[in-house]
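J.: So the sequences go chain by chain: A and B.
Heads up, the first sequence is in numbering that gives the first Met the number 0, so the first residue is 0 and it goes up one at a time.
Heads up, the second sequence is in numbering that gives the first Met the number 0, so the first residue is 0 and it goes up one at a time.
Among the hints, a few may not be true.
Claimed, not checked - No more than 16 Å apart at the CA atoms, straight line, and that leaves these computed lysine to aspartate or glutamate pairs for EDC-like: (1) A:28 x B:20; (2) B:185 x A:300; (3) B:621 x B:580; (4) A:230 x B:580.
Calculated directly from the structure, the hints in this document are not laboratory data.
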Amino acid sequence: MNYILSKEEMERVFAAISVDFESYGAVEKEGEVVFDRVHSLAEVSENRSRYAPKEFLIRRNENVLYLEEQQRKAVFGIKSCDLKGFYLMDKQVLNRDPFYTERRNKTLFVNFVCNAPCEGGFCSSFGGPVLDEFDIQVLREGNNYHVMASDKYDKYFSGYRNDDGSYFSDFNRKFNTEMPPLEVDGLENRIKWNSPIWKEFASRCISCGACNYSCPTCYCFDLYDDGDERKREWDSCILSGFTSSSAGNIRSGLDERLRQRFYHKFVYFKKSKDEFLCTGCNRCVEDCPVGIDIKEVITHDYSLE
Amino acid sequence: MVSVLTVCPYCGTGCQIVVNDEGTEERVIGYSRSPVNEGKLCIKGYSGLSYNFSRDRLKYPMINRDGEFVRVSWKEALDETADRLLEIINEYGPDSIAFQASAKCTNEENYLMQKIARLVGTNNVDHCARSCHSPTALGLITTLGAGAATGSIESLAAARTYFVIGSNTTEQHPIIGTKLVTERKKGKNLVVADPRKTQLAELATIHLQFNPGTDIALLNSMMYVILEEHLEDEKFISDRTEGFQEFRKAIDKHSPEITEGITGIRPEELRRAARLIARDRPTSILYAMGITQHIHGTENVMSVSNLALLTGNIGVRGSGIFPLRGQNNVQGSSDMGVLSEWYPGYVPVDSPKVERFEKLWNKRLPRNKGLALSEMFDAAAEGRVKAIYVMGENPLVTEASVSDVETAIHNLKLFVVQDIFMTLTAGEADIVLPASTSLEKEGTFTNTERRIQKVNPVYPSPGEAKPDWWILNEIGKRISGIKGYESPRDIFEEIRQAIPGYAGATYDNIYPIGKQWPINEENPAGTEILHTKTFPLGRAKFVPVVYAPPAESVDEKYDMIMTTGRNYFHYHSGTMSRRADILERESPEPYVEINAVDAKRLGIRNSQAVTVESRHGTIRTKARITEKVPPGIVFVPFHYDESRVNRLVGKQVDKLSKIPEFKVVAVRVFA
Chain A
0 MNYILSKEEM
10 ERVFAAISVD
20 FESYGAVEKE
30 GEVVFDRVHS
40 LAEVSENRSR
50 YAPKEFLIRR
60 NENVLYLEEQ
70 QRKAVFGIKS
80 CDLKGFYLMD
90 KQVLNRDPFY
100 TERRNKTLFV
110 NFVCNAPCEG
120 GFCSSFGGPV
130 LDEFDIQVLR
140 EGNNYHVMAS
150 DKYDKYFSGY
160 RNDDGSYFSD
170 FNRKFNTEMP
180 PLEVDGLENR
190 IKWNSPIWKE
200 FASRCISCGA
210 CNYSCPTCYC
220 FDLYDDGDER
230 KREWDSCILS
240 GFTSSSAGNI
250 RSGLDERLRQ
260 RFYHKFVYFK
270 KSKDEFLCTG
280 CNRCVEDCPV
290 GIDIKEVITH
300 DYSLE
Chain B
0 MVSVLTVCPY
10 CGTGCQIVVN
20 DEGTEERVIG
30 YSRSPVNEGK
40 LCIKGYSGLS
50 YNFSRDRLKY
60 PMINRDGEFV
70 RVSWKEALDE
80 TADRLLEIIN
90 EYGPDSIAFQ
100 ASAKCTNEEN
110 YLMQKIARLV
120 GTNNVDHCAR
130 SCHSPTALGL
140 ITTLGAGAAT
150 GSIESLAAAR
160 TYFVIGSNTT
170 EQHPIIGTKL
180 VTERKKGKNL
190 VVADPRKTQL
200 AELATIHLQF
210 NPGTDIALLN
220 SMMYVILEEH
230 LEDEKFISDR
240 TEGFQEFRKA
250 IDKHSPEITE
260 GITGIRPEEL
270 RRAARLIARD
280 RPTSILYAMG
290 ITQHIHGTEN
300 VMSVSNLALL
310 TGNIGVRGSG
320 IFPLRGQNNV
330 QGSSDMGVLS
340 EWYPGYVPVD
350 SPKVERFEKL
360 WNKRLPRNKG
370 LALSEMFDAA
380 AEGRVKAIYV
390 MGENPLVTEA
400 SVSDVETAIH
410 NLKLFVVQDI
420 FMTLTAGEAD
430 IVLPASTSLE
440 KEGTFTNTER
450 RIQKVNPVYP
460 SPGEAKPDWW
470 ILNEIGKRIS
480 GIKGYESPRD
490 IFEEIRQAIP
500 GYAGATYDNI
510 YPIGKQWPIN
520 EENPAGTEIL
530 HTKTFPLGRA
540 KFVPVVYAPP
550 AESVDEKYDM
560 IMTTGRNYFH
570 YHSGTMSRRA
580 DILERESPEP
590 YVEINAVDAK
600 RLGIRNSQAV
610 TVESRHGTIR
620 TKARITEKVP
630 PGIVFVPFHY
640 DESRVNRLVG
650 KQVDKLSKIP
660 EFKVVAVRVF
670 A
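Please work from the sequences and hints to get the whole structure.
T.: The structure is reproduced here in structure tokens:
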């Protein structure tokens, strides 16, 4: 259902949610927006967080021999691009990965729709910024909050003023003119295996892993034994030890590994799950120290190659 | 969940990181407001911090009793360390003990260690900068008056040409390297002089793949060309330098046609490179261990300085000399005076200025040169040094000629090691003191561009581990009569009095993004570019240097040249990086890089176990066939204690700075 709430009413909703959940939110620290415990909605920053908060569902590093019961958490202020990442991950890991699934089921995300396009972002190309799937989706207009609540969390809004939701669709339309979507249709067939861009990217890349670590859709991990623990840790498909077999990594060249990353996002996932594994957040571009731009992979003219 | 802003514990770039901690599951992000890394990190920053939680961490003080380490209380460990040190001092005098500080520890800790050493009466205090940038300190102090990078990392973007000599920047200082990569892609000139085909060499406008150890021949030839073609900056030379005429005479013998036989570089290539550097200014000159780790290390540095002066590439944004510091705090630890010939702030031990410290510390201080790191173990072997106290160093892996280090340690009456892990070196100690990591303590690091940055604790220390400053403070109280410090801030306040360049820095004003020294009354905001109007010496000095061959050369038996260094995934003796699982997975074992031509000639296949033998020792390792090294040259990283390449490195040192020649070793390789 759709609602419209005042600031005070939103605080009351926050308080009600915080009874059932441990509340986290985007907060500013030394000019950096990070996630931390919050005790009121007023503390929550509307600015985009410095990183996609995927550790709420996939921890950077954890022992996988035990699955402890998880706390119920509510995360306020996640942006649509980052939340969309979880819906894409769901297609691959939900109900397969017990750790992810346990946390996913117990985490409530309250996504804040960006009021204006961010520099470099291209979420409109992948169904943003107003999402079709959400727990509670919020769009502020002055002192009022437009809210879309999913059935599961609709109860927190009972008694508040209903809204027809047209503000969201109008806003999304306007946003899409300000951030014209890139031409992604058919990308899975257009992209070229032998394009020279892979080698050009590789000539710059220093294998830092930033594109993977920053990506709201990257879910791959490494598994290793550590004493009496078996750990998994976020991994990077750019590294040569990734998916190593007895013969080493079957993609021995850095250009091949970079291509694999983009093929996974724009070809394999699309063909198997019917979605591109990218939310247009632009985080991999921002964190890349050598300016490798995923948008170039989308807009590159492959026809002459 | 907490978020703490601190500094990456790896290389000297000094990237600022924000660590989000929830238990032991850290997330690391680059601090986007940092002028150093602008939010970017390399793989060591992202995936290198898990050593902090390794089960191998030292948690309790231990004393070796009859060949076995026994857990003891802090009081017992500290008392015994102090008592035994005092006994040795009383019996053999203060110069019978030696201290090894660490460029991985904070400024406060290094300052404290040298103060303790000097208060007990010895200048035998030195650290790993001896093995990396002691030639820089000495060389640039001689020519310019300050042994530090002249510009900022940010200012690199203003250059039109980059000259990188002896630095594999994208692997060793990755975030600085990426700035060069990005600028090169925008069309800037990049000249790389390196025997290996590094990533930057692949991208370079010109790659001068010269023979190891022939740097001066190469640099002098460049300057020969610049003078021959009148590309020198006459105004800069006449207004701001001295010694030009004498220098010019030394250059005359180095025409590229003559040096080709030494360097292996074709004259026309060298001419093109020299023209770019001199003409398309400003030019930033970056160097690292490829320049310093030679028996002519100091002269190499001075030669680099000559080139910058000749082309007027100093004092302007985008120009300058950038000695890239290997460890997080090499600049700072050197500033703090944990070098046997300098008091804090590079006051020579034999200068009248030492009085400044005698007043500050209220004690008469030693004025004789102490033992350099490379000399301490020899002195121990000869019985002149009876006790060595090591903080956060692993000389059994990192020193040249490590088998002699082993012998020397066994000859000591007391060997104390303060570390975060039971390293190969700590395993030989009489007393082991467990220290906190830089993610567990407060203090400051000074990065490669002189930026003093605040280090903040993210995690609690494991077990009874304590910050190095706390341990030193306790030892200092017992042996040197200091009254003791309350906190790192307390020590920093004294550093501000001791070192004029640090006078204006406070814990408050260096947070969050740090300040570059000198920061004082004249430069309250710090100093981004040094030498804009004048040099600390007044006029900068040209120092004539003439090429002489490296200590080792090939012969019929040892027919290849080995160079040593780091790789991208590991750091120093690997105690940290090899306990970070992703890093260790990426580079799990020692290897020797060898060209396919040599491999074929020697019948060696990729990944085959081979022996590398020098005149000093032998190791077994795996062959890695690669085009990165040219025929005749092999490269071995020094991170691996299971195959210590420093067994192969001889003891020849630069007579000026006493740095060993880690970069040129004659070897033979066989299956």
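J.: State for each hint whether it applies.
T.: Status of the hints after comparison with the structure:
Straight-line distance between C-alpha atoms of residue 28 (chain A) and residue 20 (chain B) comes to about 14 Å, which keeps the hinted pair within the 16 Å bound. At roughly 21 Å between alpha-carbon atoms, residue 185 (chain B) and residue 300 (chain A) are farther apart than 16 Å, so this suggested pair is violated. For a cut-off of 16 Å, the pair hint linking residue 621 (chain B) to residue 580 (chain B) is broken: about 21 Å separates their Cα positions. Using a Cα cut-off of 16 Å, the hinted pair residue 230 (chain A) and residue 580 (chain B) holds, with the two alpha carbons roughly 10 Å apart.
Going through the hint list in order, the structure does not satisfy hints 2 and 3.
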